[in-house]
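Novice: Sequence:
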Amino acid sequence: MDRPPHPGGGPPPAPRLPPRAGSERTRPAGDGPGAVRAGLCAALLLLLALPLLLSASTPGASSPPADEPEARLGHAVYQRRCARCHATGMHREGPAHCGVVGRAAATQPGFRYSEALRRSGITWTPAELDAWLSDPESRVPGQAMDVQVSSPVARRRLIAYLATLEPCTPVAARRP
0 MDRPPHPGGG PPPAPRLPPR AGSERTRPAG DGPGAVRAGL CAALLLLLAL
50 PLLLSASTPG ASSPPADEPE ARLGHAVYQR RCARCHATGM HREGPAHCGV
100 VGRAAATQPG FRYSEALRRS GITWTPAELD AWLSDPESRV PGQAMDVQVS
150 SPVARRRLIA YLATLEPCTP VAARRP
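Numbering-wise (numbering that gives the first Met the number 0), the sequence shown opens with residue 0 and increments by one.
By construction, these hints were calculated from the structure, which means they are not laboratory data. As the structure is a computational prediction, the values presented were derived from the model and not from experiment. Built from N, CA and C at the ideal position, the CB exists for glycine as well. A hint or two may mislead.
[Claimed, not checked] Pair ranges (Cβ atoms, derived):
| id | residue 1 | residue 2 | range |
| --- | --- | --- | --- |
| 1 | 140 | 68 | 20 to 26 Å |
| 2 | 113 | 78 | 23 to 29 Å |
| 3 | 78 | 165 | 14 to 20 Å |
| 4 | 68 | 108 | 29 to 35 Å |
Based on the sequences and whatever the hints tell you, model everything.
Specialist: This is how it looks when you write it as structure tokens:
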């Protein structure tokens, strides 16, 4: 039997057969390669957002009040410069920062501070935080923090954010 030539050239397409049970065309919606890819994308997105979600849901965590632009900008500085080692509601590599402004240095229960910081006698006032953040080692030789915030504007914003944090609850400051 001669068939007319296929418009795209080459052999004509195979005749369509009815779908078999269990074939891709009879699978329920949400099953198949597209669904697997969508599920993997959703899992990857959740994994990337997990640190932010955890810090936001941590007891003692706080977002700055919307009417304080310096604190909002300071929150962004905190996420970039501090959140690798610190959290606002629990100890990590560094101590929890909840309620840090006005607190005596090295007094947050449940964290093991350096001897140098324990003996420093510092109270975390905005001025003291500014000096500390600009060069922790020159402020307290032998302390353990190795990060500096060289920009005075970034320090001012960061301190404005830290001032919005509520004091820690005893349970919140424990290590995860």
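Novice: A separate judgement is required for each hint: does it hold in the structure or not?
Specialist: Hints and how they fare:
no.: 1; hint: 140 / 68: 20 to 26 Å; verdict: 36 Å, violated
no.: 2; hint: 113 / 78: 23 to 29 Å; verdict: 25 Å, holds
no.: 3; hint: 78 / 165: 14 to 20 Å; verdict: 18 Å, holds
no.: 4; hint: 68 / 108: 29 to 35 Å; verdict: 33 Å, holds
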